[in-house]
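**Student:** Below are the chains, spelled out letter by letter.
Protein chains: 2
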Amino acid sequence: MTAYTTRTKDELQTEERAVRAKFEELKARGLKLDMSRGKPGKAQLDLVMDMFDVLKTPEDYLDGKLDVRNYGELSGIPSAKALFADILGCRPAEVFVGGNASLNLMYGVISKAHTHGLLHSEKPWSKLEGIKFLCPVPGYDRHFAVTQSFGVEMIPIPMTAEGPDMDAVEAAIADPLVKGMWCVPKYSNPDGIVYSEKTLARLTHMKPAAADFTLMWDNAYSVHEFCGDYVPFPDIISLCREAGNPDMVYEFASTSKITLPGAGISAMAASEANIAYMTKLLSIEIISYDKVNQLRHARYLKDKAHTLTLMKKHAAILGPKFQTVLNALDKEIAPLGIASWQRPMGGYFVSVNALPGTAKRAVALCKEAGVVMTGAGATFPYGKDPADSNIRIAPSLPPINELEAALEVICTCLKLAALEKLLAK
Amino acid sequence: MTAYTTRTKDELQTEERAVRAKFEELKARGLKLDMSRGKPGKAQLDLVMDMFDVLKTPEDYLDGKLDVRNYGELSGIPSAKALFADILGCRPAEVFVGGNASLNLMYGVISKAHTHGLLHSEKPWSKLEGIKFLCPVPGYDRHFAVTQSFGVEMIPIPMTAEGPDMDAVEAAIADPLVKGMWCVPKYSNPDGIVYSEKTLARLTHMKPAAADFTLMWDNAYSVHEFCGDYVPFPDIISLCREAGNPDMVYEFASTSKITLPGAGISAMAASEANIAYMTKLLSIEIISYDKVNQLRHARYLKDKAHTLTLMKKHAAILGPKFQTVLNALDKEIAPLGIASWQRPMGGYFVSVNALPGTAKRAVALCKEAGVVMTGAGATFPYGKDPADSNIRIAPSLPPINELEAALEVICTCLKLAALEKLLAK
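So the protein lines, in turn, are chains A and B. Here the first sequence is numbered in this note's numbering, starting from 17 and rising by one per residue. Here the second sequence is numbered in this note's numbering, starting from 17 and rising by one per residue.
Pulled out of the complex, with its shape left as it was, chain A reads as follows:
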């Protein structure tokens, strides 16, 4: 095989006929596969079923002297705070434990910034015109949807191998209307990039013009290696404190991909001043999140070390799925020179950069052949990838045999979209 770009028009036409025939053959198989979201597979869900056996007698429901079954204890139960503090590397007093969804806590911060303002806000953001947010791209569509929903203007920041392009970030924060930045610092969604220490140093030492500039630090994959050993990662709360920016960050985490996506627990970590401020606002909204589930998780996961043993079991299921994706891309696509991709060690995605101008078409072709992917463009603010190139592959849900079938479709569609593009020139 030679790269498409080195082939003659005749050669490309021949290839196009062959690839289209293959596509029609795949279509005829009537596949129905969903790879649109980073959903764990059934085997991963089955891993943790013993979690529901840890609380049995009424006495089991005491966390110290606290009966977790009753009202109260808004900021979370002590043992769940200790668990997240251990996993994240911060102090228990810097943790607020929520319900089953960290997205809910993130939305809460942005929503309350608009309606009430944050700790250092001069006024609620809803009273300002032209608020902006920095969005490293490619990034997570649900983050962008939150800021979009509040009418916040989103500024794309290119990702580098070390994290967001810090020159671009430092230039942008001179604008007092730039109020914050979305970050997935470890195994970024979708690239799987880990922010470097240099990036962390520059981020935590920033001097934004806005006093209430906030890093929305979604540490979604803090212990989510699927390949190799656990990789330590610095605690952002401590780093910001040491850099003299203690209140500049809200960190988020959850057990959605440790225990169960539909029934885990989440946490928000921040300076004690931020936690106190946000807890007061949240006291109007809820008496407490589900403390029985918090205790169940604290008892089941125990601590970071024990959590990491569970993550090894997830890795044993996930690793081969990621390898299946990479194998197919390496074999079918690499020689053709029509795409590049990341080789992440953790997280939930493989980020593919297809031939510019072909991502939308490739994803549409996949859908036609029964494989639903994340919409092309979804990894950019407003769903607009200027290069129409990035495609997010989520290999976690299907079993390996279905994944192989899906990859056959994906590779065929990447080829066909590239051929159509090259032949249309």
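It should be emphasised that the hints constitute simulated quantities derived from the structure, not laboratory data. Fair warning: there could be bad hints in the mix.
Copies of the same chain look alike in the list, so a pair counts if it fits in one copy or across any two.
No farther apart than 30 Å at their CA atoms in a straight line, the calculated lysine-lysine pairs in the DSSO-like style are these [as the list claims (entries may be wrong)]:
| hint | residue 1 | residue 2 |
| --- | --- | --- |
| 1 | Lys72 | Lys328 |
| 2 | Lys296 | Lys139 |
| 3 | Lys318 | Lys72 |
| 4 | Lys296 | Lys400 |
| 5 | Lys72 | Lys329 |
| 6 | Lys81 | Lys43 |
| 7 | Lys329 | Lys81 |
| 8 | Lys296 | Lys143 |
| 9 | Lys148 | Lys296 |
| 10 | Lys318 | Lys58 |
Use these hints to put chain B onto chain A, whose structure you have.
**Tutor:** Here is chain B on its own, set in the frame of chain A:
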């Protein structure tokens, strides 16, 4: 015993010395009792421990074909929608099932009305000046705290034996800035009043000036009789639909006082158009609430009839506690003519109207003697009871022997506060 108001000054002074001596004696006992909140007692929590045994094998976690352990199904699982629809009398398609806190869903509606507007809003409420809300008084402090938190002006509406004073309501809604009304329609908090059919008819047929006027219908005590049989109550969603006001109401309910306060499930019922509108807004905030807990509840509570058998067990624990309160008031306070109170058949409170001008003092005296009550005034917007009269007694948490001790304190403090007031004239 004769009424205080018929006694001479000398007689009152003698009584005051005796009551103060009694107060000092009670204070010396060093009690530490919390009656500030409608918290179920431990015996009630223990009632439902078998709830955690209903899901065992991985197959148990299927609701139809839906694996409730994974992401998705934002508006709730089918069986939990069916359960709430059965309890409330509406259709499953009119139900959104949430997390452990109905307050969270209520806050969500008010918050989104401000940031995004409701279905029939011309613009988000945050873009308007002088928004108002109707607040039947006495009412629930957490409701008032939500609207106060958003800077909404609250207009007190007097409660009558049939519900809110509808003449006052109908006059108020001619103002297009009046955007809604808080209601606890069955066993109102704190009076325990059940809205009459006449009140329901007038409420559902209202023609408010504001197109997005919303009844915030907190049906917190829909199956919460502690005395006598279940009392049927009309479904507000159907009534509003039939009255030509299908989108005028959001109803809220939870299992906080059916299963567990810290770990129940909640629901929001509304027209299908409202549910679709709110689900779309909520899709930005959360992928789904805890569906395992939803399924656990659906399997455990089964349906309305089975839920009512559980409520009988709660009533067997709660009934005697309410009787203890009423017995003490009847014996100690009634003959003195210094207070009146409701005799509810359900709900979680006894609402006492003390001699005007004495509620704050009585509650402060209780605290001095080790009995923490809901703050006087808390049942009014901004915490301001113009008559300084209403006191909310929450008898559910303490066991009977502690409750008897607490009532001795409460009755003594009601007397002492009244005597101080009468003697100061």
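**Student:** Tell me the hint numbers this structure goes against, listed in increasing order.
**Tutor:** none
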